[in-house]
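These protein sequence lines map, in sequence, to chains A and B. 1 is the number of the first residue of the first sequence in my numbering; add one for each residue after it. 1 is the number of the first residue of the second sequence in my numbering; add one for each residue after it.
Honestly, the hints are just simulated from the structure, not real lab data. What you were told as hints is all true, and nothing was included just to trick you.
One copy or two, it doesn't matter: identical chains are merged, so the pair holds either way.
Quick list of in silico lysine-lysine cross-link-like pairs, DSSO-like style, CA-CA up to 27 angstroms:
hint, residue 1, residue 2
1, Lys209, Lys9
2, Lys209, Lys48
3, Lys9, Lys163
4, Lys48, Lys9
5, Lys48, Lys212
6, Lys431, Lys297
7, Lys9, Lys212
8, Lys162, Lys9
9, Lys266, Lys422
2 protein chains.
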Amino acid sequence: MRAVDIIQKKRDGIPLNEAEINTLIQNFVRNLIPDYQMSAFLMACYFKPLSFQETVHLTKAMMQSGKILHLSFLPVPTVDKHSTGGVGDKLSLTLVPIVASYNIAVPMISGRALAHTGGTLDKLEAIPGFQVNLSLSQFKNFLKKSHMAMMGQTPEIAPADKKLYALRDVTATVPTLALICASIMSKKLAEGSESLVFDVKFGSGAFMKNLKEACELARWLVQIAKAFNRKSVALVTNMNEPVGSMVGNSLEIIESIEILKGRGPKDLIYLTLHLAAHMLLLTGRAQTKAEGIALAKEAIESGKALTKFKTLVQQQGGNPHIIDTYSLLPKARFQKEFQAPQNGYLCQINTETIGMAACLLGAGRETMEDSIDPAVGFQFHKKVGSPLQKGDSILTIYYNNEKKLSEVWKLLKMAFTIKSSKPKKMSIIAKIIE
Amino acid sequence: MRAVDIIQKKRDGIPLNEAEINTLIQNFVRNLIPDYQMSAFLMACYFKPLSFQETVHLTKAMMQSGKILHLSFLPVPTVDKHSTGGVGDKLSLTLVPIVASYNIAVPMISGRALAHTGGTLDKLEAIPGFQVNLSLSQFKNFLKKSHMAMMGQTPEIAPADKKLYALRDVTATVPTLALICASIMSKKLAEGSESLVFDVKFGSGAFMKNLKEACELARWLVQIAKAFNRKSVALVTNMNEPVGSMVGNSLEIIESIEILKGRGPKDLIYLTLHLAAHMLLLTGRAQTKAEGIALAKEAIESGKALTKFKTLVQQQGGNPHIIDTYSLLPKARFQKEFQAPQNGYLCQINTETIGMAACLLGAGRETMEDSIDPAVGFQFHKKVGSPLQKGDSILTIYYNNEKKLSEVWKLLKMAFTIKSSKPKKMSIIAKIIE
Chain A
1 MRAVDIIQKK RDGIPLNEAE INTLIQNFVR NLIPDYQMSA FLMACYFKPL SFQETVHLTK
61 AMMQSGKILH LSFLPVPTVD KHSTGGVGDK LSLTLVPIVA SYNIAVPMIS GRALAHTGGT
121 LDKLEAIPGF QVNLSLSQFK NFLKKSHMAM MGQTPEIAPA DKKLYALRDV TATVPTLALI
181 CASIMSKKLA EGSESLVFDV KFGSGAFMKN LKEACELARW LVQIAKAFNR KSVALVTNMN
241 EPVGSMVGNS LEIIESIEIL KGRGPKDLIY LTLHLAAHML LLTGRAQTKA EGIALAKEAI
301 ESGKALTKFK TLVQQQGGNP HIIDTYSLLP KARFQKEFQA PQNGYLCQIN TETIGMAACL
361 LGAGRETMED SIDPAVGFQF HKKVGSPLQK GDSILTIYYN NEKKLSEVWK LLKMAFTIKS
421 SKPKKMSIIA KIIE
Chain B
1 MRAVDIIQKK RDGIPLNEAE INTLIQNFVR NLIPDYQMSA FLMACYFKPL SFQETVHLTK
61 AMMQSGKILH LSFLPVPTVD KHSTGGVGDK LSLTLVPIVA SYNIAVPMIS GRALAHTGGT
121 LDKLEAIPGF QVNLSLSQFK NFLKKSHMAM MGQTPEIAPA DKKLYALRDV TATVPTLALI
181 CASIMSKKLA EGSESLVFDV KFGSGAFMKN LKEACELARW LVQIAKAFNR KSVALVTNMN
241 EPVGSMVGNS LEIIESIEIL KGRGPKDLIY LTLHLAAHML LLTGRAQTKA EGIALAKEAI
301 ESGKALTKFK TLVQQQGGNP HIIDTYSLLP KARFQKEFQA PQNGYLCQIN TETIGMAACL
361 LGAGRETMED SIDPAVGFQF HKKVGSPLQK GDSILTIYYN NEKKLSEVWK LLKMAFTIKS
421 SKPKKMSIIA KIIE
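Work out the full structure: start from the sequences and follow the hints.
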């Protein structure tokens, strides 16, 4: 079947079979189907959404476009966590050492900051010396030795996804449920983990702006995992304010270490414990959520998780002394308080705007070619629901480039809604989909 | 505005303004917008059709992507005819000399055979020596000298259309009203004719399978012409059987000359006189349709039109002796009768299948790279409504390649529906849209 016939079939809403989807993806990866045909196909998928079954076929074809890791050589269970991306979302940094404390391997292939969202790899690279560009054999070796490995996307894993994503990004075909699912799942399945915890974020700082869309994505992810015989659960979580207090790469490393030291902001502790509990549940290390939470707490309180984190930093070439001496991390030259312009309650934070402001400071990147300034970011002193007196510092800006400050200031001024009545506080975890 | 933002706007059904459409087309022609973005845009246009106003902008941008002919140097009115394509449609060959007999210039840029439809250029090239690859200055010179010029698409006229069409062809985005209109009109407007007669065909042998679609296309063409201050009319005509008796390049040249000699099949005479009448009406040479028809008849009966045709053939390097000696045209080595398998009435001809059978013989081409055999084709002895006795010849096959015959035979067997009751004869001209 010619590519144009497959495009036409999709355009007319006729379901594609596994062979057709395979042909499309295999030939695309081999450059036998040109980008211009694939982008027409992707736009057809926007208007005639792929069914669940078609999405499973697509996920499989994309997964099989590259290497598939087999982790059965590990004598321990495996679990990974995937977040759909947010602002101040540093949970991978706390979850990997906590869960790995319990003889569970966490094979984690992460992404970089893009648009208003941060990226785990950029955070890790704020640690002097930390290497995220591992080979697959290094990745496996680390998993064997320490049960932890955190690396960047490699060209060997699901190359179809990289090629497809680049095309979607410039053809207005990113926001398509089936394509989002296939992109996430092809990589996660190829990574070889037996079980997966999804942190599907919704709200102003997430890609999914409302709860309904996020729940739909969560359901699809869990169902696709099931179709491939993986255990999974999805937590649909609130991204209407940054997670924790810190936004920015060095700052988030510090905050993650604080959590592992038994300190840190409440919301981040809460989410860490719950996500860890679900990872422990899926792997059978905990029988109930309460037990999972207790185990996660115990890993922190005993110092085991912090020791694991030190091992992780050392094994990937990072300077472990940063754990005790934060001043060894990149530090911004300047800081400035952003103060409340009036009395009242902090009612809303446009978290995407916060992410964009952080990006402007240099904490993120607009295009994949931009470089990152690990030192810059924000430290929040107030959260949604906090009472404010005019002049109170809402956040501290850490910055290096004075020229960017006025633009960042403008964005911050738009980001906060202050009202006289106290807002209803939303729970962090809105829904759990199993 | 970035290309991706324009694609997204169209995807979301937000009307594009003139500047946005201009940017898109201009940058596409300059290769600043890659094919993969344009094809996503085209697919978005399939699902979120361009409005009439957007189509006018697109037509203008495509027209302005190349040279625009100005024919005001001609001291006579100008008119062109455009057909949406059919089987046995040789009307350009008769109309050009008839209309040019009345001191009217007919600047005609035509196409080639594609899929099941024939092409005027391929028909002209059946005449030994005839050159259709003219430069624009030759084209203008011929118009000045004889008021006639028939040439192929040049890269200077509406290059955006050529690039866009190639992309639409392989991305399942051809059948889109607005894109069809912009493709036709950008070329016809750039060609510089003051007035345009459209022959919009519908039925089994046309691209528009039903009357409703054809009428919609006809209305859009006439309205776009109006938006650019061109006089126009559209005749919506029946393509449920081949026009005239001949299908094939040499054969259609012969049939056209027969018409100019005052002979030939009735339906072809009828359509020739009516289309010519509308061309004479638009240019003001006739005041009523009846007068137009009388003038067209007079051009044939007086021999003026035939003389004009001879001039046309000579000026473009063709051998004028073919007019009196048909055997100078390429002639097929073999012929075979296709006989009625039963008694009854010829009720339906699947004209697309006839076109495909002619294409298989070598009269047309499946892809633009195929070469044409000018000698081959069909001569019909029966039309829809003809009574048939078993064994009557429905048509004569003229062929050179004996190997193709069995496949052609199979198609022909599928093409005819014979029933015991006489079918209602449809009129050739179904609708006139002014």
